[in-house]
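Below, each chain spelled out in residue letters.
2 protein chains.
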Amino acid sequence: MNKPFQTVTQNIVWQCPWYAVRQDKLLLPDGSHGVYNTIMKGPAVWVVPVTPSGDIVLIHHYRYTVDDWCYELPAGGVKPGQRLEEAAREELREEVGGVAGHLVYLGQFYTANGICDEVGHFFLATDVVLGEPTPEPGEVMTIHRKPITEALDMARRGQITDAPSLMVLLLCEPHLRQLIP
Amino acid sequence: MNKPFQTVTQNIVWQCPWYAVRQDKLLLPDGSHGVYNTIMKGPAVWVVPVTPSGDIVLIHHYRYTVDDWCYELPAGGVKPGQRLEEAAREELREEVGGVAGHLVYLGQFYTANGICDEVGHFFLATDVVLGEPTPEPGEVMTIHRKPITEALDMARRGQITDAPSLMVLLLCEPHLRQLIP
Chain U
-2 MNKPFQTVTQ
8 NIVWQCPWYA
18 VRQDKLLLPD
28 GSHGVYNTIM
38 KGPAVWVVPV
48 TPSGDIVLIH
58 HYRYTVDDWC
68 YELPAGGVKP
78 GQRLEEAARE
88 ELREEVGGVA
98 GHLVYLGQFY
108 TANGICDEVG
118 HFFLATDVVL
128 GEPTPEPGEV
138 MTIHRKPITE
148 ALDMARRGQI
158 TDAPSLMVLL
168 LCEPHLRQLI
178 P
Chain A
-2 MNKPFQTVTQ
8 NIVWQCPWYA
18 VRQDKLLLPD
28 GSHGVYNTIM
38 KGPAVWVVPV
48 TPSGDIVLIH
58 HYRYTVDDWC
68 YELPAGGVKP
78 GQRLEEAARE
88 ELREEVGGVA
98 GHLVYLGQFY
108 TANGICDEVG
118 HFFLATDVVL
128 GEPTPEPGEV
138 MTIHRKPITE
148 ALDMARRGQI
158 TDAPSLMVLL
168 LCEPHLRQLI
178 P
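Top line first, the protein sequences correspond to chains U and A. Throughout the first sequence, residue numbering follows this note's numbering, covering -2 to 178 in sequence. Throughout the second sequence, residue numbering follows this note's numbering, covering -2 to 178 in sequence.
FYI, nobody ran anything at the bench for these hints, they're computed from the structure. Do not rely on the hints blindly, as some may be mistaken.
A pair holds if it fits inside one copy or across any two, identical chains being indistinguishable in the list.
Said to hold, decoys possible - With a straight-line Cα cutoff of 16 Å, these simulated EDC-like cross-link-like pairs (lysine to aspartate or glutamate) come out:
| hint | residue 1 | residue 2 |
| --- | --- | --- |
| 1 | K22 | D64 |
| 2 | K0 | D64 |
| 3 | K0 | D65 |
| 4 | K0 | E136 |
| 5 | K76 | E87 |
| 6 | K143 | D124 |
| 7 | K22 | E82 |
| 8 | K143 | E82 |
| 9 | K22 | E87 |
| 10 | K76 | E147 |
Keep in mind it's a predicted model, so treat the numbers as computed, not measured.
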């Protein structure tokens, strides 16, 4: 399908090391003029790590934006020039000290398409062996192993509140049920 | 659990009619100083509309941020002073011209807790009667009725790429399966 808006001008109006805001002036389909501000963030990856004994590895992460602790999957931005699989292995290693025996790409989604260009890609990591994580000073988190059925129950019961992590877990459910020992 | 970061200063560094960026200087747990930028957006609502004949009403929405057409649920921000249920009924009316016989609150989530304070609240709307939508000039969308099983299949097959819409549909699946005629 075609692009219904015509872009007239584009300017970066604010930026920080993690994202930029691009302001576009548009010609709308009804002939009027509009403005759209896009948070430019680039792609990111989410990983469902499953250990050889059938546990899902979750992070309990303090999120300053919402002043709350959230159960999440290992996730993070893809660096310029980095392949998606490399980014997935890097987040797994940094956030939970994990090394995956197998890593399978399962799909993509838009995190917040009303305001942000981020494309999320998700992976199932199996035969994950855990080691020492290396979080950054601003990443405050603890690591939790949960049996697959318990992690899925947490998702269904509202105990996982981070939307992309929750969505990825539910989408992976058919794969995960096959990994229950 | 306690708040591990101490806020030193807070300033709005950029804003537009839809959101603002607040920059906080922080004292991190290791004693070092950090900066956190939060996109301040306030709460939003997502609605799963089901007609008396058991169709889910989806929007096919052009999203300028990602230059793509996305199947989505009716959704939008909660205005200051507005109750969540009022916001849900308003989005239903504006985006698909819908009026719900019953509206049930089902839960909440964080849309993008790494960068944004948005709390998403989701509702199941049943006995939805469709009328004339009243989208804004920048909202380019078409409306699609899909039988419940088809909408859930679209979600599982990667045809719904908007993360919150997809997540809400999957979370509502047990309720939706009871509404299949």
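>> For K76 and E147, with the copy left unspecified, which applies at a CA distance of at most 16 Å: within, between, both, or neither?
In response: Answer is neither: 33 Å inside a copy and 37 Å across each miss the 16 Å cutoff.
> How would you classify K22 and D64 at a CA-CA limit of 16 Å: within, between, both, or neither?
Replying inline: Between copies only: 15 Å across, 34 Å inside.
> Quick one: K143 to D124, C-alpha cut-off 16 Å, is that within a copy, between copies, both, or neither?
Replying inline: The answer is within: 15 Å in one copy meets 16 Å, while 39 Å across copies does not.
>> At most 16 Å between alpha carbons: which applies to K0 and E136, within, between, both or neither?
In response: between (39 Å within a copy, 13 Å between copies)
>> My question is about K22 and E82: at a cut-off of 16 Å on alpha-carbon distance, are they close within one copy, between copies, both, or neither?
In response: neither (36 Å within a copy, 33 Å between copies)
> Can you tell me if K76 and E87 fall within 16 Å by alpha carbon in one copy, between copies, both or neither?
Replying inline: within (10 Å within a copy, 40 Å between copies)
> How do K0 and D64 come out at 16 Å by Cα distance, when the copy is not named: within, between, both, or neither?
Replying inline: Classified as between; 7 Å across copies, 38 Å inside a copy.
> Between K22 and E87, at a C-alpha cutoff of 16 Å, which is it: within one copy, between copies, both, or neither?
Replying inline: For K22 and E87, the Cα distance exceeds 16 Å both inside one copy (37 Å) and across copies (28 Å).
> Quick one: K143 to E82, C-alpha cut-off 16 Å, is that within a copy, between copies, both, or neither?
Replying inline: neither (24 Å within a copy, 35 Å between copies)
> How do K0 and D65 come out at 16 Å by Cα distance, when the copy is not named: within, between, both, or neither?
Replying inline: The answer is between: 8 Å across copies meets 16 Å, while 39 Å in one copy does not.
Violated hints, in rising order: 7, 8, 9, 10; the structure is consistent with all others.
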